[in-house]
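Asks: Quick note, the sequences are listed as chains A and B, same order.
Just so you know, we're using the working numbering here: the first sequence kicks off at 1 and counts up by one.
Just so you know, we're using the working numbering here: the second sequence kicks off at 1001 and counts up by one.
The hints are simulated quantities; they were obtained by calculation from the structure and are not laboratory data.
Hints are supplied without guarantee of correctness; some may be wrong.
[As the list claims (entries may be wrong)] Calculated pairs, EDC-like style, for lysine to aspartate or glutamate (alpha carbon to alpha carbon, straight line, at most 16 angstroms):
id, chain 1, residue 1, chain 2, residue 2
1, B, LYS1081, B, GLU1040
2, A, LYS184, A, ASP289
3, B, LYS1065, B, ASP1042
4, A, LYS89, B, GLU1003
5, B, LYS1035, B, GLU1118
6, A, LYS36, B, GLU1003
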Amino acid sequence: MNLTNGFAFTCPFKTNSGNKALEHLPVELAALNAFKPLIITSRNLTGPRAMRILTGAFGDSGMTMGFFDDVTDTADLNIVEKIREIFVKGQYDSIIALGGGVVVDVAKIVNLAVSQKIADARQLSPATAIRDPLGPFVVIPTAAVTGMETSKYAFLNGKSFDSVHLMPDLVVLDPRLTWTKDGKTIAEAGLAAFGRTLEAYIAPDKNPFMNAYAVTALRFIRENLTDAVNKRCNKKVSLAIANAAAMSGCVISNTDQNVLNRLGQVFQNIVHVHPGVIIGMCLHPFLDDCMKKDSSRISSLLLPLGGDDKYAAMPEAGRAGEALRDIYEFSYEIYRALKGKIPRTITEAGIPQYLMDDIFDVMNHEPDGAYLRSIIDRVSGGSIKA
Amino acid sequence: MREIHAGGKPLKKAYVAVFLWFTGRAIQAAAKVDKEVQKEFDALPDDFTFALGCLPNGPWMIVGKEKGKVKYFGGDLNSRKTHLRLVIKSLDAAFLILSFQESTALATTRNRLMTDGEVPYALSVIRILDIVEVYLLPKIIASLAVKRYPSWWSFGRKLAGRVGVYTRTLLGF
């Protein structure tokens, strides 16, 4: 880590995590000067149980809240405009996003529209300037997250918004919501967070704050993801994964090294595949390339993944190989536990050639498009023509 | 799209209200029975009043000193000026603490408590509450409620204190 160069790190949100963390929400909203929140969620993606738990958490607060639960995974700016109108007519003063992925992306853009008093949200574009802090915004992730909920990015229908002001003011992680019986859901979230933080951790531009977040997130995932997938009723391990995912959003907002993140994102935008699936696939070829370029960066991974004792016991020359072995073993454990529920190649994912062509078109517009295509080529499983 | 008004939690609220009412009276009683509690109150200002309760709508317990005597002033937060407020962030958090699922120390680490006032006064009040809980509760439950159960107290102190505190609390003097 080079401290002689200046660095910047931004993590503007407060995190409330743990048993009954949701019940503090009325007080936390009052601290943000918010008393009438609009809750944005999805009936299908988030489910009625989460909505029931959230409503119960407001018990005895005397608050009135709006519930919009019609967000779908194909949401666009029309739905943002619809929610903006509801927000303005209902005189709400804050936004709570309950869920993950597209729900939070929609909520971020609604917050942008209502805070900047945009007359028609359909006019919003990635070029829209976001200079001032936005209104109170709370994110309550469930188990089905992508890890980008806490980030400065919002992706909607092919449009990518990017501002530190899009990040939430408060993130509430409650084990009643982060727990799921579905091992695939938690594995996708964990793999997405793992890939992003791993890439940031080995990036040359990392700073001490990013390092602290990345190490913690990597350790949380390494120590808990296998248990979270195998022991599906364990709230403690799923909360650890949710914490790691929240940290990964903060990490990705502070780095330019985001090859895996971009690969995951382009597949999510075009074929609606969870980014964790793609990041999990591309992890090995990406690490192989990093190993060829600079093995010392890979060797540093042994500390968060293998632990202090393993790192200290291993001579420096063997650390990179040991770190890679550890990552391969870890991903093997996850895929074995899932019994084929997460595809390991593009062919297994069943993405047709015409959609792959669209994906390659998008990649071609990236400055390192050729490299991104080469990674996809190696995980295609043979039937995809890059 | 629908609008929902937050409901109530009457059972939890009733439990917390009864607990605070009983504890308030027990503090008044313990100030007369236990020398350590007396000493703590003597170190506080003459008209010192504190409130313990939960946000956003209570219930509350107000206890203070009046003409040198410790008194329980009921549950109306607006009835007196308070020098110190120990605030539990939600009714559910209060229920967790007052049903001994979480100790005061654990609840503090979990960000459930706020102090509005001088911290030294708050520490005095916490010490008083710990002593009162030891008198009111059997050892197995009190151990969950306080950070460290006072095993060094003599049997005579515990027995006489319990009889005194319970009698005065129930009779209200």
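Asks: Are the hints correct? Go through all of them and say.
Replies: These are the hints, each one checked on the structure:
no.: 1; hint: LYS1081(B) to GLU1040(B); verdict: violated (20 angstroms)
no.: 2; hint: LYS184(A) to ASP289(A); verdict: violated (28 angstroms)
no.: 3; hint: LYS1065(B) to ASP1042(B); verdict: holds (9 angstroms)
no.: 4; hint: LYS89(A) to GLU1003(B); verdict: holds (12 angstroms)
no.: 5; hint: LYS1035(B) to GLU1118(B); verdict: violated (23 angstroms)
no.: 6; hint: LYS36(A) to GLU1003(B); verdict: holds (10 angstroms)
In this structure, the hints that do not hold are numbers 1, 2 and 5, in rising order.
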